[in-house]
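Q: Each chain is listed here by its residues.
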Amino acid sequence: MNGAAPAVVVRDLVKRFGDFVAVNNISLEARPGEIFGFLGPNGAGKSTTIRMLCGLLRPTSGQALVAGLDVAREPERVRQNIGYMSQKFSLYNDLKVIENLRFFAGMYSVPAAELKERIDWAIDMAGLAGREQLLTGTLAAGWKQRLALGCAVLHRPPIVFLDEPTSGVDPISRRLFWELIHRMADDGVTVFVTTHYMDEAEYCNRLVLIDRGRIVASGSPLELKEKSMAGDLLLVECDQVGKALEELQGAPGVTDAAIFGNALHLVVGSADQAIPQVQEFLAARGIAVTRIEKIRPTLEDVFVSLTSLNRNEGNRDEGDKRDKGDKTVGTVTGREKGQP
Amino acid sequence: MSDSGNAIELNGLTKSFPGVRAVDGLTFAVRRGEIFGLVGPDGAGKTTTMRMLAGVLAPDQGSATVAGFDLTRDAEPAKHHISYMPQRFGLYEELTVDENIRFYADLFGVPRREREERSAELLKAAGMAEFRSRLAGKLSGGMKQKLGLVCALIHTPEVILLDEPTNGVDPVSRRDFWRILYTLLDQGVTILTTTAYLDEAERCHRVALLHEGRMLFCDTPANLKASLPGAVLSIVCADPRPVRDLLAGIEGISSAMIVGDGLHLVVRDPQRMIPELRNRIAAAGLSCDAIEQVAPSIEDLFVEAVQGGHGQDRQDARDDHGGQGHTEDREHQGGGR
Numbered sequence: 001m002n003g004a005a006p007a008v009v010v011r012d013l014v015k016r017f018g019d020f021v022a023v024n025n026i027s028l029e030a031r032p033g034e035i036f037g038f039l040g041p042n043g044a045g046k047s048t049t050i051r052m053l054c055g056l057l058r059p060t061s062g063q064a065l066v067a068g069l070d071v072a073r074e075p076e077r078v079r080q081n082i083g084y085m086s087q088k089f090s091l092y093n094d095l096k097v098i099e100n101l102r103f104f105a106g107m108y109s110v111p112a113a114e115l116k117e118r119i120d121w122a123i124d125m126a127g128l129a130g131r132e133q134l135l136t137g138t139l140a141a142g143w144k145q146r147l148a149l150g151c152a153v154l155h156r157p158p159i160v161f162l163d164e165p166t167s168g169v170d171p172i173s174r175r176l177f178w179e180l181i182h183r184m185a186d187d188g189v190t191v192f193v194t195t196h197y198m199d200e201a202e203y204c205n206r207l208v209l210i211d212r213g214r215i216v217a218s219g220s221p222l223e224l225k226e227k228s229m230a231g232d233l234l235l236v237e238c239d240q241v242g243k244a245l246e247e248l249q250g251a252p253g254v255t256d257a258a259i260f261g262n263a264l265h266l267v268v269g270s271a272d273q274a275i276p277q278v279q280e281f282l283a284a285r286g287i288a289v290t291r292i293e294k295i296r297p298t299l300e301d302v303f304v305s306l307t308s309l310n311r312n313e314g315n316r317d318e319g320d321k322r323d324k325g326d327k328t329v330g331t332v333t334g335r336e337k338g339q340p
Numbered sequence: 001m002s003d004s005g006n007a008i009e010l011n012g013l014t015k016s017f018p019g020v021r022a023v024d025g026l027t028f029a030v031r032r033g034e035i036f037g038l039v040g041p042d043g044a045g046k047t048t049t050m051r052m053l054a055g056v057l058a059p060d061q062g063s064a065t066v067a068g069f070d071l072t073r074d075a076e077p078a079k080h081h082i083s084y085m086p087q088r089f090g091l092y093e094e095l096t097v098d099e100n101i102r103f104y105a106d107l108f109g110v111p112r113r114e115r116e117e118r119s120a121e122l123l124k125a126a127g128m129a130e131f132r133s134r135l136a137g138k139l140s141g142g143m144k145q146k147l148g149l150v151c152a153l154i155h156t157p158e159v160i161l162l163d164e165p166t167n168g169v170d171p172v173s174r175r176d177f178w179r180i181l182y183t184l185l186d187q188g189v190t191i192l193t194t195t196a197y198l199d200e201a202e203r204c205h206r207v208a209l210l211h212e213g214r215m216l217f218c219d220t221p222a223n224l225k226a227s228l229p230g231a232v233l234s235i236v237c238a239d240p241r242p243v244r245d246l247l248a249g250i251e252g253i254s255s256a257m258i259v260g261d262g263l264h265l266v267v268r269d270p271q272r273m274i275p276e277l278r279n280r281i282a283a284a285g286l287s288c289d290a291i292e293q294v295a296p297s298i299e300d301l302f303v304e305a306v307q308g309g310h311g312q313d314r315q316d317a318r319d320d321h322g323g324q325g326h327t328e329d330r331e332h333q334g335g336g337r
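As they're listed, the protein sequences go chains A and B. Reading the first sequence from the start, the letters are residues 1 to 340 in UniProt numbering. Reading the second sequence from the start, the letters are residues 1 to 337 in UniProt numbering.
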């Protein structure tokens with residue numbers, strides 16, 4: 001949007017493990033100040049991509065520039081320019097708050113002249129003033145999370161990677177956390193978020209959905225919800241929901257059906273056509289529809305529809321050999337889980 | 001009480017650990033044939049509650065019945081009617097999928113024929129039929145969770161207790177998971193599940209929202225969302241911060257939060273507010289692409305309840321966040337209408 005050089009540029013990035021292509025020709029760009037969400041099923045290649053961007057794993061081919069540095073040529077310098085915060089926060093629970101900050105400042109080589117200012121900044125940002133001497137292990141999850149964020153950005157990295165940063169945290173702390181992230185982004189920091197939580201994804205400016213090593217969709221949360229679903233989404237309230245689900249799974253015109261409490265979500269080609277059809281279909285099977293209407297898909301609906309679409313196509317194109325891809329995905333996930 | 005059509009009843013259930021009251025006077029009932037969700041963040045008391053209901057942890061006070069058995073007196077016989085899947089289900093990584101299932105079937109005394117039928121059915125529903133001879137250690141995270149579920153369900157219990165079954169599982173596998181749960185309902189079971197994903201609450205018939213050991217609400221997801229005082233407006237704009245700064249503090253807006261596409265506001269009167277917001281944004285020389293009412297989430301309700309209801313929490317949230325500006329400076333108590 002602005003003229004600044006992109007913070008992250010990825011071109012035709014590939015990573016193979018043996019025969020398995022974990023990351024298959026990914027290209028993307030993230031601007032300074034952008035909050036970039038990276039979504040995908042387990043084993044889709046998210047962690048592999050992030051590990052390459054962090055300079056922890058060498059790409060098989062293609063190029064990735066992070067803060068203008070080539071991750072394959074200058075992994076050390078890349079690591080000095082990024083902050084990384086994992087789901088588990090990687091803080092030392094048996095150290096005091098202030099000791100954790102000093103430890104991470106040392107690790108990231110924060111210059112002595114800036115040390116005090118940076119630590120004070122982190123304490124203020126995390127709202128931990130007066131709590132510097134507490135043992136980190138005694139802090140509630142929300143505080144720990146903000147401390148972990150403070151530790152990860154002590155060295156003022158222009159790019160920050162967050163891995164499911166708010167999983168399990170209470171909603172109020174979560175909102176405060178995102179407020180901090182948006183402020184960092186306003187100051188020009190690029191934030192990469194990987195997550196399974198669709199409500200975390202809503203906080204991102206741009207989302208990239210990856211499946212089986214490829215990008216299958218990208219856009220803002222709103223764009224994805226409005227444009228990327230193949231078809232419309234219907235909400236159906238009826239009696240005998242379980243039976244209705246079973247019947248509708250193979251029904252003509254219904255691509256997908258999922259159950260939500262006493263209601264169903266159906267993916268159909270066009271709502272106008274499908275509404276009378278579904279009503280008739282269910283009535284013929286003795287199921288009474290009490291409500292049926294078109295609704296806006298949630299990010300989860302989009303995610304599921306795009307990844308399963310991709311799955312079916314994959315099967316069709318490449319036969320059942322590719323289907324066994326899952327097998328390999330499982331193994332690689334295991335490998336990906338090694339601490340970055 | 002035990003034959004009331006409730007599969008699970010909790011009455012003032014309480015459990016403390018040194019320094020924390022993990023579960024504080026919890027009272028609710030789960031009807032037979034229901035999928036009931038215990039929803040809340042880490043530390044809300046979900047796991048402690050589940051462990052008490054599974055008969056593996058004794059309450060300090062209060063009582064609970066599961067499948068008609070009083071857990072304070074008859075915890076052992078109750079266990080034959082309960083299937084409990086803890087957060088870390090004990091799969092044997094060096095055994096195959098089939099061998100794990102066989103192991104649990106033997107443990108629960110499931111006859112061979114029934115085991116074969118049931119495991120075939122469950123594996124198919126889980127989308128795992130082709131992976132029967134795969135080592136459990138070689139499965140992806142989502143598949144491990146699903147195998148845990150298959151093992152826990154290999155016998156036919158009356159009550160199924162699932163502790164965060166979908167934690168770390170991607171949305172596609174999560175759907176498989178829920179599909180399995182709903183098929184089980186047809187067989188007359190009752191399911192109590194916990195989740196820290198507030199959006200997952202939508203998939204349950206009824207939910208109890210937990211916060212710090214206490215229950216905030218208990219109702220159907222639709223009723224819960226309808227009970228949010230006010231409505232949620234979405235403002236789509238490219239540069240949300242100045243818009244937020246402009247709007248925060250206006251009477252009738254109780255919270256304003258920046259999201260990826262713009263802002264989410266909780267407002268008292270959406271119909272009156274939408275034109276007013278347009279005017280104010282235009283008058284300040286700012287712009288927005290759209291303002292529309294969106295469905296509130298369970299999270300919106302949770303935040304309103306915790307911040308509005310309990311002075312203490314609210315104070316914390318604020319302390320917590322001294323330098324933050326006015327976002328959390330909610331409610332204009334003086335104002336009213």
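Since the hints were derived computationally from the structure, they do not count as laboratory data. Remember, it's a predicted structure, so these values are computed and weren't measured experimentally. It cannot be assumed that every hint is accurate.
Stated by the list, open to error - With beta-carbon atoms standing in for the labels, derived distance ranges:
1) A:S86 to B:D74: 40 to 46 Å
2) A:S90 to B:E76: 57 to 63 Å
3) A:E280 to B:A283: 49 to 55 Å
4) A:E293 to B:P229: 23 to 29 Å
5) A:E246 to B:E117: 48 to 54 Å
6) B:D60 to A:N93: 25 to 31 Å
7) B:Y92 to A:E293: 22 to 28 Å
8) B:A58 to A:R156: 38 to 44 Å
9) A:E99 to B:P275: 50 to 56 Å
10) B:E76 to A:E246: 33 to 39 Å
We put the beta carbon where it would ideally sit given N, CA and C, even for glycine.
Q: Of the numbered hints stated previously, which ones are contradicted by the structure, given in increasing order?
A: 2, 5, 7 and 8
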